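For reference, the chains in residue letters:
Number of protein chains: 2
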Amino acid sequence: MTAGDSKKYAELYQQTLLNDVIPFWLKHGLDHEHGGIITCLDRDGSVLDTDKSVWFQGRAGWMFATLYNTIERRPEWLEAARSCIEFSRQHCFAPNGKMYFSVTREGRPLRMRRYVFSESFAAIAYAAYAKAAGDARAAADAVKAFETYLHYSFTPGIMEPKGEPTRPMKGIGAHMIGIVTAQELRATLGEITISGRTCTEWIDHSIAEIEQDFLKPEHEALMEVVGPNGEIIDHHDGRTLNPGHAIECAWFVMHEGKLRNDRRLIQLGCTILDWMWARGWDKEFGGLFYFRDLRGLPVQEYWHDMKFWWPHNEATIATLLAHELTCEAKYARWHQLVHDWSFKHFADPEFGEWFGYLHRDGSVSSHAKGTMYKGPFHLPRMLWYGGHCQTFAAERGRREDDIGVRSGT
Amino acid sequence: MTAGDSKKYAELYQQTLLNDVIPFWLKHGLDHEHGGIITCLDRDGSVLDTDKSVWFQGRAGWMFATLYNTIERRPEWLEAARSCIEFSRQHCFAPNGKMYFSVTREGRPLRMRRYVFSESFAAIAYAAYAKAAGDARAAADAVKAFETYLHYSFTPGIMEPKGEPTRPMKGIGAHMIGIVTAQELRATLGEITISGRTCTEWIDHSIAEIEQDFLKPEHEALMEVVGPNGEIIDHHDGRTLNPGHAIECAWFVMHEGKLRNDRRLIQLGCTILDWMWARGWDKEFGGLFYFRDLRGLPVQEYWHDMKFWWPHNEATIATLLAHELTCEAKYARWHQLVHDWSFKHFADPEFGEWFGYLHRDGSVSSHAKGTMYKGPFHLPRMLWYGGHCQTFAAERGRREDDIGVRSGT
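Protein chains in written order, with this note's numbering: chain H, -15 to 393; chain D, -15 to 393.
No lab work stands behind these hints, which were simulated from the structure alone.
Values in this document were obtained by computation on a predicted structure and should not be read as measured data.
Even for Gly, the Cβ is constructed at its ideal location relative to N, Cα and C.
Worth double-checking, as some hints may not be accurate.
Stated by the list, open to error - Interface residues of chain H toward chain D, partial, derived using beta-carbon atoms under 7 Å: (1) S(-10); (2) G29; (3) D33; (4) R92; (5) Y99; (6) G147; (7) T150; (8) K200; (9) P201; (10) H219; (11) L278; (12) L281; (13) W287; (14) S350.
Work the whole structure out from these sequences, hints included.
Right, here's the structure in full:
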């Protein structure tokens, strides 16, 4: 990838972000009556379901506040962030302090789940908004939400288990989200201490656990779930790999390596990317499979070979970042592959934004633009990171010539 | 459909049942070491996962015992039924009397779920085995399992709700399974009284509730979930229709109409079939969609347009039965459509049995022959019912000339 290519991609991403994706959600998603954001939208932006995702009050709030913090101080972005964050504060907490998964348009509770990702997304939203609006209460709320997240995720016996004690398992998700949440809190609130560790210490803690228990060099794989001591669980659940998820993890680690100028972390992220790209990329139809089996056996989940938008967003970031950090030619090739396939199949030139759910062959399975799981997050985060990460890194004092370059392949 | 066609289908179904499907599961699924059945099998029958489905200890036990009761007294079928039923009795109950959803190969508990379908399948297995083996204890166990099913399904406030009280919903599944379980207990144990109602009264109760609250003539649809008084819930969950499930319900009702020589019930079943066939059949690629939206909007579930084996099994029975009961030509046409599409796309002439999960276009998505949800049930039940239902009906004193014939179309 030449410097000219890099610039071309960065410009395309920023233009798509500012002229297509963000306007789509501001126009169709924001709820001017009850506040917050509605994400269940049809192809043209019309509302399919008024129920609100608690994840997305946080994710969208974070995205809008981050645009305000890092691109331009547009009042409409700050107001959109404020609306999501106020809705989240007022309507998304159960009496016990845990957050719901979904609420009605008006904010009445619909569903509580065992896990605490609502809290992690609220934490990054509150933190980014605290910086954007200079709102000290939002900073305190961010800390509190991350404390709740850490408490439920990492205190043994607190989170209601999915299964019986016969076969204990732990997932990589809690560590991945722990890393990126701590990275965001550190970026907006500074190196604060939460639940006994600094943000950087939480990041180190989770990277160490991922490396020790989830990374399997003998299989060239990053596992999604393992036993308490990293044991491979040779059953359907235990063998199921999620290449897009692992590649997202890869760039969280690379990003940390970039900020710290730590070659070992960069190498670790690249290794995860290499292994999981090899397992996830569909050589026949292009695009990334959703699930793969560790041993190449059939996966139990029905939709295992569908192409979802978000693994492609994460792989776009990961390959771009890997190339930037190593200059290896293969990462430029992979980036072009996933970029071209994604813009060809997911983008909707007619109504804007991206489709989310394609068949294996790239044909559209659902023309919805949003669901309880798809809203302004993975795609705009990719466009923002891809269009903006140089500046972002520069803010943290990165010196490009210190990073070092792995031998090109 | 001529009498010759009917006979041809019946013979094909019985031959496929006895020479292909049942031998596949007897050979590859039965666990001669720990008892019971393993259903997670690859295309060639090799084991993908040794974990056991509690549903399938019951479903397979019922199927093997039913073959013994209705086709031929083969000792291997009785022994297979006994093995599943003993495993179920010994390893599948929690201390509180509720049954697990999955256990290890050895029978240690893996997962408990909110709902009680494990109990309904155990009930029909125990009942059929009681008849096959003359085992009075199994008859008592069947009654007890159905009591547990009824208690959790229909006592308000007993089953842990999935959501908050903001938007109460009820599902059609508990009523459908209630009907077919009561039908089976009545067929094997006689017209017994359970939890205050006879089997027939439980059937009447559930058919009445389905007709009153789930059937929507103004939409020509049978709903999957509604509000407590049959209100349509105009959100993703509430609008999601499951044509295969509704068509299964249609034939449960038709079967009841056939046994009672009740034209109103037969008409009700045919109406459900008519409406849900119109919504479910894929006119472009053939086969039955998994989910459809009441208003034709995008469905939230990713795999909504996949073709699963079991809706095709249920539609094969329903169209065959509807034709038998009404002589309407359209049902013979629909039967031929679904029969031909299914045998062309799901059947695996190389290794036997059927694939379970196809893409919309009929190509194979997973070549597994079994999962925690796919084992010897829907397909062999269809082959058994289709190959054997005349005899089955005759046992109950049906007089064909009393049923009456609707005008052909």
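Now for the hints, and whether the structure bears them out:
1. S(-10): Violated - the Cβ of H:S(-10) stays beyond 7 Å from chain D, reaching only about 34 Å at its closest.
2. G29: With Cβ-Cβ at 13 Å, over 7 Å, it is violated.
3. D33: OK, holds: H:D33 within 7 Å of chain D, min 5 Å.
4. R92: holds (4 Å)
5. Y99: With a minimum Cβ separation of about 15 Å from chain D (threshold 7 Å), the hint on H:Y99 is violated.
6. G147: This interface hint holds because 5 Å falls under the 7 Å limit.
7. T150: holds (5 Å)
8. K200: With a minimum Cβ separation of about 19 Å from chain D (threshold 7 Å), the hint on H:K200 is violated.
9. P201: Violated - the Cβ of H:P201 stays beyond 7 Å from chain D, reaching only about 25 Å at its closest.
10. H219: holds (5 Å)
11. L278: At 12 Å from the nearest chain D Cβ, H:L278 fails the 7 Å test, so the hint is violated.
12. L281: holds (6 Å)
13. W287: holds (5 Å)
14. S350: holds (5 Å)
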